[in-house]
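Now for the letters of each chain:
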Amino acid sequence: MEEVAAWRTRLEGKVVSAMTHTGRGYLLLVGSLLVVVAWGVFAYTVQLRDGLIVTGLRDRIMWGFYISNFVFVIGISYGGVLMSAVLRLTGAEWRRPITRLAEGTAVAALCVGTLFPIIDLGRPDRFHFVLVHGRWQSPIVWDVIAISTYLVATFLYLFLLMIPDMALLRDRPGQGMSRWRRILYRQLSFGWVGGERQRRTLSQAGTMMAIAIIPIAVTVHTVLAWLFSMNLRENWNSTIFGPFFVAGAVFSGIATIIVIMAVVRKIYHLEDYITQKHFVYLGYLLGIFTLVMIYMNVAEFLTVGYSMVGEAPFHLDQLFKGQFAPLFWFVFLGGFVTPGLLVVMPWTRNIRGIVAAALIVIVAMGVERYYLVVSALRVPQMPYEPSVYTPSWVEFSVVVGAFALVGLLLALFVKVFPVISMWEMGETREAGNAAGGTGR
Amino acid sequence: MRAGAVLPLLIFAVLGVAFLPGGVVHASQVEVEISAPKEAQVGHEVQVRVTLRSSGDGVPIADAEVTLLREASFARVVGDVELARAATDQNGVAILLYEPTVAGEQNLKLEYTPPDGAERQTAALAISVAEGPQIQRSTAGIRVPGLNVWALIAVLSAVWAVLFTTALLMVRIGRIGTEAATASPRHADQMPSREEPPA
Numbered sequence: 001m002e003e004v005a006a007w008r009t010r011l012e013g014k015v016v017s018a019m020t021h022t023g024r025g026y027l028l029l030v031g032s033l034l035v036v037v038a039w040g041v042f043a044y045t046v047q048l049r050d051g052l053i054v055t056g057l058r059d060r061i062m063w064g065f066y067i068s069n070f071v072f073v074i075g076i077s078y079g080g081v082l083m084s085a086v087l088r089l090t091g092a093e094w095r096r097p098i099t100r101l102a103e104g105t106a107v108a109a110l111c112v113g114t115l116f117p118i119i120d121l122g123r124p125d126r127f128h129f130v131l132v133h134g135r136w137q138s139p140i141v142w143d144v145i146a147i148s149t150y151l152v153a154t155f156l157y158l159f160l161l162m163i164p165d166m167a168l169l170r171d172r173p174g175q176g177m178s179r180w181r182r183i184l185y186r187q188l189s190f191g192w193v194g195g196e197r198q199r200r201t202l203s204q205a206g207t208m209m210a211i212a213i214i215p216i217a218v219t220v221h222t223v224l225a226w227l228f229s230m231n232l233r234e235n236w237n238s239t240i241f242g243p244f245f246v247a248g249a250v251f252s253g254i255a256t257i258i259v260i261m262a263v264v265r266k267i268y269h270l271e272d273y274i275t276q277k278h279f280v281y282l283g284y285l286l287g288i289f290t291l292v293m294i295y296m297n298v299a300e301f302l303t304v305g306y307s308m309v310g311e312a313p314f315h316l317d318q319l320f321k322g323q324f325a326p327l328f329w330f331v332f333l334g335g336f337v338t339p340g341l342l343v344v345m346p347w348t349r350n351i352r353g354i355v356a357a358a359l360i361v362i363v364a365m366g367v368e369r370y371y372l373v374v375s376a377l378r379v380p381q382m383p384y385e386p387s388v389y390t391p392s393w394v395e396f397s398v399v400v401g402a403f404a405l406v407g408l409l410l411a412l413f414v415k416v417f418p419v420i421s422m423w424e425m426g427e428t429r430e431a432g433n434a435a436g437g438t439g440r
Numbered sequence: 001m002r003a004g005a006v007l008p009l010l011i012f013a014v015l016g017v018a019f020l021p022g023g024v025v026h027a028s029q030v031e032v033e034i035s036a037p038k039e040a041q042v043g044h045e046v047q048v049r050v051t052l053r054s055s056g057d058g059v060p061i062a063d064a065e066v067t068l069l070r071e072a073s074f075a076r077v078v079g080d081v082e083l084a085r086a087a088t089d090q091n092g093v094a095i096l097l098y099e100p101t102v103a104g105e106q107n108l109k110l111e112y113t114p115p116d117g118a119e120r121q122t123a124a125l126a127i128s129v130a131e132g133p134q135i136q137r138s139t140a141g142i143r144v145p146g147l148n149v150w151a152l153i154a155v156l157s158a159v160w161a162v163l164f165t166t167a168l169l170m171v172r173i174g175r176i177g178t179e180a181a182t183a184s185p186r187h188a189d190q191m192p193s194r195e196e197p198p199a
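Residue numbers (the working numbering), protein chains in the order written: chain H, 1 to 440; chain W, 1 to 199.
Hints were generated in silico from the structure; no laboratory data involved. Where is the CB? At the ideal position from N, CA and C, for every residue including glycine. Heads up, some of the hints might be wrong.
Derived DEER-like restraints, expressed as beta-carbon distance ranges [as the list claims (entries may be wrong)]:
1. H:L232 <-> W:L147: 17 to 27 angstroms
2. H:G91 <-> W:A167: 41 to 51 angstroms
3. W:A167 <-> H:L121: 27 to 37 angstroms
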C-alpha cells in the first residue's frame with residue numbers, strides 16, 4: 001500500500017510539474033505557434049477584404065484546400081475520441097496513460113475543424129443562413145447538426161472523465177497552484193470527494209458516454225462523407241464513401257495521437273508512463289488500418305474501373321496517370337504500404353519506427369483528402385475544358401495557421417489540464433498491486 | 001385547261017398541308033404512305049398512320065411490322081430509340097401512337113419489313129414539336145410511411161437526451177459532493193479523495 005502511495009505521489013508530482021513549470025522551450029513553442037496563427041489570421045483578413053478571388057477557388061472547383069483540411073482535421077478528432085471510447089469499453093488497461101491525450105487532441109482538432117467551413121465561405125456573415133433558411137433535406141444541414149452534437153459530446157466526455165483529477169489538483173496544497181488554477185479546478189471538480197456514490201455515478205456516466213460517443217462519432221464522419229456522396233459527381237457519388245471516411249478518420253486520428261504522444265512524452269519526460277508498449281499497440285492499430293484503407297481503395301476503384309460508366313474513365317485517368325497521379329501513388333504506396341511495413345518489420349517496430357510511420361500517415365491522409373475533394377470537382381460536368389486548381393498563398397497561410405492553432409490549443413491544454421489521467425492510472429496500479437502484478 | 005390544272009393543284013396543296021410531312025415513298029416492292037401531323041406539342045399524343053401496299057398492283061400488305069424510331073444520344077452513345085410499334089391490318093394500315101417528350105424539330109424514322117422477307121427498309125418523316133406542359137417530374141426519393149423528418153428528430157432527440165442525462169449526472173456528482181461537505185452522518189461514506197483512494 002505504501003508502495004502504491006509513493007508511486008501515486010511520484011506520478012502526480014511529474015504530471016503537476018509538467019503543468020506548473022514553464023520552461024523556455026515551451027514559451028518558444030507557444031510564441032512560434034502564435035506567430036503562425038497570427039499570419040493565418042492576417043491571410044484570412046485579406047480574404048475577407050477581397051473575397052474568395054484571392055484563393056484558387058472558382059465556380060468549377062469551388063471546394064479545395066479548406067474543405068479537404070476540414071475533412072482531415074475532423075477525422076483526427078474522430079480518431080482520438082473513438083480510440084479512447086473503444087479502449088475504455090473493451091477494458092484495455094494499457095489505454096490509461098494515453099486516453100487523456102487522445103481526448104484533448106479530439107477537442108482541439110474539433111474546435112479548429114469546425115472553423116473551416118466558415119473560412120471557406122466568401123461571406124461568413126451569412127453563415128447563419130444555414131440555420132435560418134436550411135432545409136432538412138440538405139446534407140449541409142445534417143452536417144451542422146451532427147458536428148454541433150459531436151462537439152458537445154466530446155466536451156462532455158473530456159470533462160466528465162477529468163473530474164477526479166480536477167479534485168486532486170484542487171486539493172493539492174501549494175505546488176505552484178495559482179489562484180486562477182484553484183478557482184478553475186474547484187469549478188471543474190464538481191465537488192468531487194471520491195466517495196462511493198460519486199464513483200458509481202461517474203462510472204455510470206462514463207460508460208454511458210463511451211457507448212454513446214462511438215455511434216455519434218461514426219455518424220458525424222458518415223454524414224460528413226454524405227456531404228460529398230449525395231452529389232451526382234464521379235467518385236463522390238459512391239455508397240462506400242461513408243465507411244471510407246470513417247476508416248480514414250480513425251487511421252489519421254491514431255497517427256496523430258502517436259505523434260502527439262511522442263512529443264509530450266519527450267518534452268515532459270513521461271517515459272515511465274508512456275512506454276514503448278503504448279506506441280507498439282497503437283502501431284498495430286495503425287497497421288490494421290493500413291490494410292483497411294488498401295482494401296477500401298481497391299474495392300472502390302476496381303468496381304468503378306471495371307464498369308467504366310459515365311465519367312469514370314476521365315477520373316481514373318487523372319488519378320492513375322494524369323494530374324493527380326503523383327499524389328495518388330504517394331498516398332497508396334507511401335501512405336498505406338510503407339507505414340504497414342514499418343509496423344510489421346521487427347527492427348522498425350519501436351518508438352522511432354512507429355512515429356515515422358505515423359508521420360507518413362498524417363501527410364498521406366492530408367494529401368488523400370485533398371485529391372479526393374479536388375479531383376472529383378475537376379471532372380467536367382458539361383462540355384468544357386477541365387479546370388485547374390492550385391491553392392493560393394492565402395489558402396496555404398490560413399490552413400497552416402489553423403494547424404498551428406490546433407498545436408496552440410494542445411499546448412495550452414497540457415499546461416492547464418493533466419496530460420495523463422492520474423486517477424485512472426492510480427486505479428490500475430492499485431488493482432495490479434492487489435493482484436500481485438506491477439499494474440502497468 | 002386552266003381550271004382543270006388548278007383544281008388538282010388545289011386539292012394537292014390542301015392534302016399536302018393536312019398531311020405534311022406525310023407522303024408516298026417507294027421502296028423496292030413496297031409503296032409506303034405516311035400520314036402524320038406537321039406539328040405537335042410535348043405531352044400530346046401524335047398519331048402516325050402508315051399504309052403499306054405492293055408497289056406493282058397496289059394490294060395492301062397485312063401483318064407487316066412497322067416501327068417508329070427517333071435518333072438519340074445519351075452518355076456518348078448514339079442510337080435509335082423505339083417510340084412505337086404496330087402491325088398492319090387487312091387494309092395495310094398501321095397506326096402508331098407516341099407522345100413527344102422533347103421540343104424541337106424531330107427527325108423520325110419508320111422501319112418496316114417487305115413481305116418477301118427482304119432486308120428491313122426505312123422511311124423518314126419530320127415533325128415540329130412545340131413546348132408543352134412539364135411532363136417529367138422527378139420525385140424526391142421514395143416515400144416510406146414513418147420515415148420522415150420526425151424520424152430524424154426522434155434520433156437526434158435520443159442522442160441529446162443521453163448528453164443531457166450525462167450533464168445531469170455531473171450535476172448529481174456535484175450535489176453529492178456538497179452534501180458530503182456538510183459532513184452529516186448520513187454521508188459517512190463520503191471521504192476526501194486524498195484520504196480514501198478509489199478501491
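Now for the hints, and whether the structure bears them out:
no.	hint	result
1	H:L232 <-> W:L147: 17 to 27 angstroms	holds, 22 angstroms
2	H:G91 <-> W:A167: 41 to 51 angstroms	violated, 25 angstroms
3	W:A167 <-> H:L121: 27 to 37 angstroms	holds, 31 angstroms
Violated hint: 2 only; the structure is consistent with all others.
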